[in-house]
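Which chain is which? The protein sequence lines are A and B, in order. So the first sequence is residues 1 to 147, counted in the numbering used here. So the second sequence is residues 1 to 147, counted in the numbering used here.
A portion of the hints provided could be inaccurate.
In silico DSS-like links for lysine-lysine, alpha-carbon gap of 27 angstroms or less [as the list claims (entries may be wrong)]:
hint	chain 1	residue 1	chain 2	residue 2
1	A	Lys-20	B	Lys-81
2	A	Lys-20	A	Lys-81
3	A	Lys-118	A	Lys-81
4	A	Lys-128	B	Lys-128
5	A	Lys-118	B	Lys-25
6	A	Lys-20	B	Lys-15
7	B	Lys-118	A	Lys-128
8	B	Lys-15	B	Lys-81
9	B	Lys-25	A	Lys-15
10	A	Lys-25	B	Lys-81
11	B	Lys-15	B	Lys-146
12	B	Lys-128	B	Lys-81
13	A	Lys-118	A	Lys-146
14	B	Lys-20	A	Lys-15
15	A	Lys-128	A	Lys-20
16	A	Lys-81	B	Lys-20
17	A	Lys-128	B	Lys-15
18	B	Lys-25	A	Lys-81
19	A	Lys-25	B	Lys-118
20	B	Lys-81	A	Lys-81
21	B	Lys-128	A	Lys-20
To be clear, the hints were calculated from the coordinates, so they are not data collected in a lab. All of these numbers come straight from a predicted model, not from anything done at the bench.
What follows is the residue order along each chain.
There are 2 protein chains.
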Amino acid sequence: MPLPAEMARVFTEEKIDFVKRSDLKAEELLPCYVRLRMPLAGNQNHIGTLYAGALFTLAEIPGGALFLTSFDVQRFYPLIKEMNLRFRRPATSDISVEARLDAEEIERIQNEAEREGKAEYRLALQLKDADGQVVAETSALYQLRKH
Amino acid sequence: MPLPAEMARVFTEEKIDFVKRSDLKAEELLPCYVRLRMPLAGNQNHIGTLYAGALFTLAEIPGGALFLTSFDVQRFYPLIKEMNLRFRRPATSDISVEARLDAEEIERIQNEAEREGKAEYRLALQLKDADGQVVAETSALYQLRKH
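For reference, chain A alone in the conformation it holds in the complex (with noise of 0.2 angstroms):
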């Protein structure tokens, strides 16, 4: 089973300290997609726009969050293998993601990590600012594994 909305959210947002310190929220967590934003405000970096640390973890979450709403979480767990990032622009702004998985797609993964015991999962993302202009571009490796 999926978590309940809002225990999905303070999962996002308060489970893993270094992401709680962040501030980052979590403005929408539905099964199949989520949007989340990462404050500027305690995130600059030496010229004043959003530290490349917290775009990265803005790009990390959407990928356990996803599972939160969307996975079933007694069943199953998520590391993530590989990420890219480009960093396109500075980030002047609070920055915000949005990031989608389809139902047939959860289906494939789940089915494959409760026969091979793991399976993989991509997330290519565009981080915003809030003019809606690209800032970075993401693309994220995770693994579904079965505990």
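Starting from the structure of chain A, add chain B where the hints point.
What follows is chain B alone, placed relative to chain A:
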């Protein structure tokens, strides 16, 4: 002129709040060479190993730390353009990284940035646990810009 060592340490550990909150330690800051350590305590993920965002930070900061110890900090400043990470095994201890840039490469980068306004440099790093095992391999592309 590069920064004096104590000033480079303060800038590396404390200039960016996001980094300061992780308690990253600059263990050695020399011209052409830096060694940094990310503590596990306070940075664990949902399974008790070092969160990927802390590994990213440990891999990203050497580019800036080498800038501080080795480049003319009054004429130039660094930006990150790309970062690729491969997570090889769970990080179950504090994690360390060493980074080097040789003097000829630093001169090449600064001369190019002086002439063109910007110059790129790449750092390929191995993040290692307390036993010397590689937990992640990273490759970052930075850009040195002229003020």
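Exercise. Which hint numbers does the structure go against, in order from smallest to largest?
Worked result: Hints 4, 5, 19 are the ones this structure does not satisfy, whereas the remaining hints hold.
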